[in-house]
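> Here's the letter readout for the chains.
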Amino acid sequence: MLPEMKLKRLFCTLMVVAAILLTSACTSVSEQPADTHPDASVADSVDLVLAVARTSRLHTAEYRVHKIVTHSDVKFLRTTLLGHTLDTRLSLGDRKIAIPIDVTLKAYIDFSGFNESQIERSPDGQKIHITLPDPKVVVTSSKIDHQSTRQYTDLLRSDFTDEEMTDFTAQGVRAILKTVPQMGILTTARQSAARTLMPLIASMGYAESDIVITFRKEFTESDLPQLIDNERSVVKL
Amino acid sequence: MKQQTDRSNHILSNTLIIATAIVFCALGVRRCHENREILDVEVVHSDGIDLTPVQIRSIENIGEWEFLAIADEELVDSTRHRTLGRDDRLVRIYHGTLRFGLDLRQAREGWVQTVGDSVHLQLPPVRLLSERFIDEARTRAFFESGSWSARAKEMMYYKAARQMRQRCVTPLTLLQVEENARAELTALFQTFGFTSVGIDFDKQ
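Taken in sequence, the protein lines are chains A and B. The opening residue of the first sequence carries number 1369 in the numbering used here; numbering runs sequentially from there. The opening residue of the second sequence carries number 58 in the numbering used here; numbering runs sequentially from there.
Each hint should be verified, as a subset may be incorrect.
[As the list claims (entries may be wrong)] The calculated lysine-lysine pairs, modelled on DSSO-like cross-linking and capped at a C-alpha distance of 30 Å, are:
(1) Lys210/B - Lys1511/A
(2) Lys210/B - Lys1443/A
(3) Lys210/B - Lys1546/A
(4) Lys1464/A - Lys216/B
(5) Lys1464/A - Lys1546/A
(6) Lys1504/A - Lys1546/A
(7) Lys1511/A - Lys1464/A
(8) Lys1504/A - Lys1585/A
(9) Lys1546/A - Lys1511/A
(10) Lys1443/A - Lys1546/A
(11) Lys1464/A - Lys1443/A
(12) Lys1495/A - Lys1585/A
(13) Lys216/B - Lys1511/A
(14) Lys1585/A - Lys1546/A
(15) Lys210/B - Lys1464/A
[As the list claims (entries may be wrong)] One side only, chain A facing chain B, incomplete, derived with CB under 8 Å:
(16) Leu1426
(17) Glu1430
(18) Tyr1431
(19) Ser1440
(20) Thr1472
(21) Ile1544
(22) Thr1564
[Claimed, not checked] According to the in silico footprint, chain A covers these stretches of chain B (three or more CB under 8 Å from chain A):
(23) 115-124
(24) 184-195
These aren't lab readings, by the way, just hints derived from the structure by calculation. Source: prediction; values computed, not measured. C-beta atoms are modelled at their ideal positions from N, C-alpha and C, and glycine is treated no differently.
Looking at chain A on its own, in the form it has when it is part of the complex (with noise of 0.2 Å):
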């Protein structure tokens, strides 16, 4: 065989070699967003009644509070080599908006589970001790103050988009919810739940000096933040 062929041979292999090397680097691009649902762009249905449910919660206590959830949008070049991250800050133009949100925040106690082991009674049968179930916190109600909402955009951007304005008012709510243990509504709750029951025992015939109302544990502020359940909008205290 002439050295030429051997040549063309060679050369022909490393570029099969190469082609099947770039297109498989290419392949595995294209499959990296495998976990897209195939259903993910289909919107969960709407169940216009989510759901009914049987309570006896005592509310004690409500606070409303007031937030101005700002956000600065500004784009950067990020590049990421060999583990190390660099931004850097791009002159396109930036956005910022200002949204008010009026947030109303309710302390109650849950009766439902409430039974005769959280009851004590003297031998005499003169005085009471109640312990009364942990209080919660609930967010009964959001609303964007939207007349006073504000936005400022450069010529090169476009304007905020209506889902972006509720992820920004949500992430606002989170935050006040993480100021929750600050805001001193452990107390309150309590005192309003000693100051509702208390005519209530009194009434069956018990002297209000006789009426202990007590919570399971004396909480700390330092409870709190573990204490946050997984639905968004309830706080265990």
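Start from chain A and add chain B according to the hints.
Only chain B this time, still in chain A's reference frame:
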């Protein structure tokens, strides 16, 4: 002859160098794609909110006993017709929880009467406990085309509230609330040792 062999060797070595370089390049591209940490360039933008204070506007002691909660979603859409071009549309799905029960602050004096192991409760009428029941932070922006004013969004909010009221605040719902209240309060007072519990509601 020797000159021809030298030329062939030269071509062979050059070809091998080029081909090896191409293979290494291909391997490099593959590794880059497989492990994005080697080299990755992308445009990103901040999507988190800034840290701002929370202001408590009011604190109120209340005594509302909730016996029924209805979680509702309402789809509200708004269309703005244009003379030229496509109409603008905004579709939002609102989420709200309507809580029903009774407000103990409205109870009359002496609403609990006990005689021996019997108790009688004269309760205020059951009602929707709060008119603010929409959790707008859980609203889903379903579709948006065109730009929408604050006033249009406010109107959609109130339309959603109206729809929720119409769907959930019905005589049947209030009857259900009364029934639940009877069952729950009877169980509660039996826990306190009363064997007979009578409950009446004030007229609406």
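> Hint by hint, note whether the structure agrees.
Each hint, compared with the structure:
1. Lys210/B - Lys1511/A: 11 Å, holds
2. Lys210/B - Lys1443/A: 28 Å, holds
3. Lys210/B - Lys1546/A: 28 Å, holds
4. Lys1464/A - Lys216/B: Holds. Lys1464/A to Lys216/B sits at ~29 Å (cutoff 30 Å).
5. Lys1464/A - Lys1546/A: 24 Å, holds
6. Lys1504/A - Lys1546/A: Measuring from Cα to Cα gives roughly 14 Å; hence the hint holds.
7. Lys1511/A - Lys1464/A: OK: Lys1511/A and Lys1464/A at ~20 Å, within 30 Å.
8. Lys1504/A - Lys1585/A: 14 Å, holds
9. Lys1546/A - Lys1511/A: 18 Å, holds
10. Lys1443/A - Lys1546/A: Satisfied, since the Cα-Cα distance of roughly 28 Å is no more than 30 Å.
11. Lys1464/A - Lys1443/A: Roughly 12 Å between the alpha carbons, so the hint for Lys1464/A and Lys1443/A holds.
12. Lys1495/A - Lys1585/A: 20 Å, holds
13. Lys216/B - Lys1511/A: 14 Å, holds
14. Lys1585/A - Lys1546/A: 22 Å, holds
15. Lys210/B - Lys1464/A: 20 Å, holds
16. Leu1426: 5 Å, holds
17. Glu1430: Check passed: Cβ of Glu1430/A comes within 5 Å of chain B, closer than 8 Å.
18. Tyr1431: 6 Å, holds
19. Ser1440: It holds, given that the least Cβ distance between Ser1440/A and chain B is near 6 Å, below 8 Å.
20. Thr1472: 6 Å, holds
21. Ile1544: 5 Å, holds
22. Thr1564: 4 Å, holds
23. 115-124: holds (count 10)
24. 184-195: holds (count 9)
Every hint, counting from the list given before, is met by this structure.
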